[in-house]
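A.B. asks: Listed below are the residues making up each chain.
2 protein chains.
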Amino acid sequence: MKAEIITIGDEILIGQIIDTNSAWIAEQLNGAGVRVVQISSVQDDRDHIFNALNEAKDRADIVLITGGLGPTKDDITKETLGDYFQSNFVFNKDVFENIVRIFKPRRIPVLSVNKQQANVPDNCDILPNKYGTAPGMWFEKEGTVFVSMPGIPHEMKALVSDYVIPKIKSQFDTPIIYHKTVLTQGLGEAKLAEKIEEWRKSLGLYDIKLAFLPSVNSVRLRLSSYGGGRAEQKVIEDKIVELHEILPDLIFGYDKQTLEEVVGKLLKKKQKAISTAESCTGGNVAGRLTRISGSSAYFLGSVVSYSDAIKTDLLNVSKSDLEQHGAVSKQVVEQMALGVKKKLNTDYSIATSGIAGPTGGTDQKPVGTIWVAVATPTEVVSKMFRFGEDREINVERTVITALNLLRKQIIKPEL
Amino acid sequence: MKAEIITIGDEILIGQIIDTNSAWIAEQLNGAGVRVVQISSVQDDRDHIFNALNEAKDRADIVLITGGLGPTKDDITKETLGDYFQSNFVFNKDVFENIVRIFKPRRIPVLSVNKQQANVPDNCDILPNKYGTAPGMWFEKEGTVFVSMPGIPHEMKALVSDYVIPKIKSQFDTPIIYHKTVLTQGLGEAKLAEKIEEWRKSLGLYDIKLAFLPSVNSVRLRLSSYGGGRAEQKVIEDKIVELHEILPDLIFGYDKQTLEEVVGKLLKKKQKAISTAESCTGGNVAGRLTRISGSSAYFLGSVVSYSDAIKTDLLNVSKSDLEQHGAVSKQVVEQMALGVKKKLNTDYSIATSGIAGPTGGTDQKPVGTIWVAVATPTEVVSKMFRFGEDREINVERTVITALNLLRKQIIKPEL
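Residue numbers (this note's numbering), protein chains in the order written: chain A, 2 to 416; chain B, 2 to 416.
Isolated chain A (complex conformation) (with noise of 0.2 Å):
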């Protein structure tokens, strides 16, 4: 079965906004066993409109449709899947219910813009949007369904995952589509890729596919089986069983699985504290320890020593190597991670300075320059990084690669 996401709004194509709608779409239908084939965003146009519609129609069993759908004179998509679909437009009192069951609560007024979203085509099945004023359509027009859904991601989401998906399940056959992420950090594309060639080739013996997505700092390997059931499924788990074997030490992980989900589980089964002291990540080391729901349970806090004066203060850093050797530098990183450790009185610690930039390099120590140390229980390890240039970059390279420092240190095997 095959799927087709259409996003409709001239803020994809003038670049304003990033689409992340249509891959947790394609997330959520590839679960489901429906396998999509093209993913197109249109202009809030309806000649274009039309035109993607067609051209899905050929391609696809299902189309599904986000944005367009606001209380505002921009979006047209309404209308327009009206036309395409012949449909006329009627009242629907549970709609314009749900309107003000939202707007009540937070006193705002239901003005005639947001009743006019009450008004639906009559030949369609309503979707329930328990987070918005615009429903769910859900048409049929031979052969093909088509559903439209606001592009806001939360009501988008919820309409996903409560109407969509079960419609969908209910009412097709769908196979099983199995796909399996394993996450490595380490080396770069080619080199795993050579270090894996025979293992590669072996797949092919079992129709499954492998995908290589390198992404800031790790390579993720995919390995795809269509069309298969549990038996393909036991395949690839025995052969990740075997690139275990390969790559001893590069895999931390698998599919949606976070370098801070591993370390938080780890911590948790440890019941051991962390805490860090960043200077180049501004917070983003504690930021992404915080994203994990329970981190209060092993994450204690977080010293963000920007200026050289919270450095000593608060961590404890000798000023006279902060003058001698900089405050990017071994002896600072370690003193930082140490002085935090002890400071908020954790078990671990992770602390980071470096050079983010895209100024303030200098010859000895260019932009991209990272100092990274974590203590431990029994010692402190620190490394240098030479990244590059771009100042986000640097510092997403930074906090993985410290989060992955940390994950090594923990798993080590004790003296």
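Hints are not guaranteed to be accurate.
For identical chains, the list gives no copy identity; a pair is met inside one copy or between any two copies.
Claimed, not checked - When the alpha-carbon atoms are kept at most 30 Å apart in a straight line, the in silico BS3-like pairs for lysine-lysine are as follows: (1) K158 / K320; (2) K343 / K413; (3) K131 / K192; (4) K269 / K320; (5) K196 / K105; (6) K202 / K74; (7) K366 / K273; (8) K105 / K320; (9) K273 / K344; (10) K235 / K384; (11) K192 / K158; (12) K235 / K142; (13) K168 / K142; (14) K257 / K331; (15) K3 / K240; (16) K331 / K105; (17) K235 / K266; (18) K343 / K320; (19) K196 / K94; (20) K74 / K271; (21) K116 / K240; (22) K366 / K196; (23) K196 / K273; (24) K142 / K58; (25) K116 / K196; (26) K270 / K413; (27) K384 / K105.
If you are wondering where the hints come from, they were derived from the structure by calculation, not from laboratory data.
The hints should help you fit chain B onto chain A, whose structure is shown.
C.D. replies: Relative to the frame of chain A, chain B by itself:
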């Protein structure tokens, strides 16, 4: 002049990665007077790529293609384009030397898979990739330009900026598209629309298009004129002056400005320093402030006090207030703000304390209850918010709300 963007790669269609490239490319094209009419993501599949190229050829003058140029076997774009444009492949010495140049300083051996990247179609212009091994390729077929680029963002961005946009400008006579976006915070989309309805209607006279772009805790208003010149630009600027009179307090910036940028500029201009004391935001206010290069001129540091012990020990929050009112209270958040301001010796400070969720709520303080305080040189102000149940969105809303509260305090006329 019309453009289309095609992204090749299964990883987008299964929802594994979000396509951020297309938005960036669209923005550059718009800036060069090229209107993007469609963005499509298609599979790593020969027939599907052919189909997408054919469809785009009928709609657009220029088609920008990203992805599928990696050294590994799952990347089929180069071969497929070779078939589509009926190319012969030839070894390109410049491309090979670029590969060697990139690998040498990293001490990575040039593998045969990398060397194959130097085999390129003989009927395209090669665009040098300064950050990676796969070059850009500029084809022309039946009056349409097709440019293929790698999908790795910084490689693609350098190719677009250095070669694609200059080549478009030199080969084509492009009109001026002018966009200006007004950033507002404080009113929802419908309420804002009602407030500016008369003004909106007046835009029609000048052929200016208005779009409402709601995001987490703010609404952006985008004004666009197509095919115009300096005169239309002037009209848009005049209309924005009018808008300021209708919405005196709600506008905080323009276009791609961010609150951290606006706040940073204000602090820099007034030569004031800021610190943060963060509980529920876990370092994200600090992380946001330090996104700005040069923020060390006004941002000194932060204490992330996830545990109560850190609130009392480092921020001097009263133990009895913590016990009596709880960490999520006016008393505690104000003391956090005053505590960090004093400890880090800054002029202003921001403090946050709340229940980010999804767990940890009580009847009196449900998930989403968040206190924000701003301490100024003369006072401390605080405000409670009731956000929703999503942890990530709550943190994001708190960061934005806190920065805007700070902004309003900084620009408040002194008595």
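A.B. asks: A separate judgement is required for each hint: does it hold in the structure or not?
C.D. replies: Here is what the structure says about each hint:
no.: 1; hint: K158 / K320; verdict: neither (53 Å within a copy, 42 Å between copies)
no.: 2; hint: K343 / K413; verdict: within (22 Å within a copy, 41 Å between copies)
no.: 3; hint: K131 / K192; verdict: between (49 Å within a copy, 20 Å between copies)
no.: 4; hint: K269 / K320; verdict: between (35 Å within a copy, 27 Å between copies)
no.: 5; hint: K196 / K105; verdict: between (61 Å within a copy, 20 Å between copies)
no.: 6; hint: K202 / K74; verdict: between (55 Å within a copy, 10 Å between copies)
no.: 7; hint: K366 / K273; verdict: between (35 Å within a copy, 29 Å between copies)
no.: 8; hint: K105 / K320; verdict: neither (59 Å within a copy, 39 Å between copies)
no.: 9; hint: K273 / K344; verdict: both (16 Å within a copy, 28 Å between copies)
no.: 10; hint: K235 / K384; verdict: neither (40 Å within a copy, 54 Å between copies)
no.: 11; hint: K192 / K158; verdict: between (38 Å within a copy, 24 Å between copies)
no.: 12; hint: K235 / K142; verdict: neither (39 Å within a copy, 47 Å between copies)
no.: 13; hint: K168 / K142; verdict: within (16 Å within a copy, 44 Å between copies)
no.: 14; hint: K257 / K331; verdict: neither (33 Å within a copy, 37 Å between copies)
no.: 15; hint: K3 / K240; verdict: within (28 Å within a copy, 47 Å between copies)
no.: 16; hint: K331 / K105; verdict: between (58 Å within a copy, 27 Å between copies)
no.: 17; hint: K235 / K266; verdict: within (26 Å within a copy, 57 Å between copies)
no.: 18; hint: K343 / K320; verdict: both (18 Å within a copy, 21 Å between copies)
no.: 19; hint: K196 / K94; verdict: between (62 Å within a copy, 27 Å between copies)
no.: 20; hint: K74 / K271; verdict: neither (56 Å within a copy, 41 Å between copies)
no.: 21; hint: K116 / K240; verdict: between (56 Å within a copy, 29 Å between copies)
no.: 22; hint: K366 / K196; verdict: neither (33 Å within a copy, 54 Å between copies)
no.: 23; hint: K196 / K273; verdict: neither (35 Å within a copy, 54 Å between copies)
no.: 24; hint: K142 / K58; verdict: both (9 Å within a copy, 28 Å between copies)
no.: 25; hint: K116 / K196; verdict: between (61 Å within a copy, 17 Å between copies)
no.: 26; hint: K270 / K413; verdict: within (15 Å within a copy, 49 Å between copies)
no.: 27; hint: K384 / K105; verdict: between (56 Å within a copy, 22 Å between copies)
Violated hints, listed in ascending order, are 1, 8, 10, 12, 14, 20, 22, 23; each of the other numbered hints is respected by the structure.
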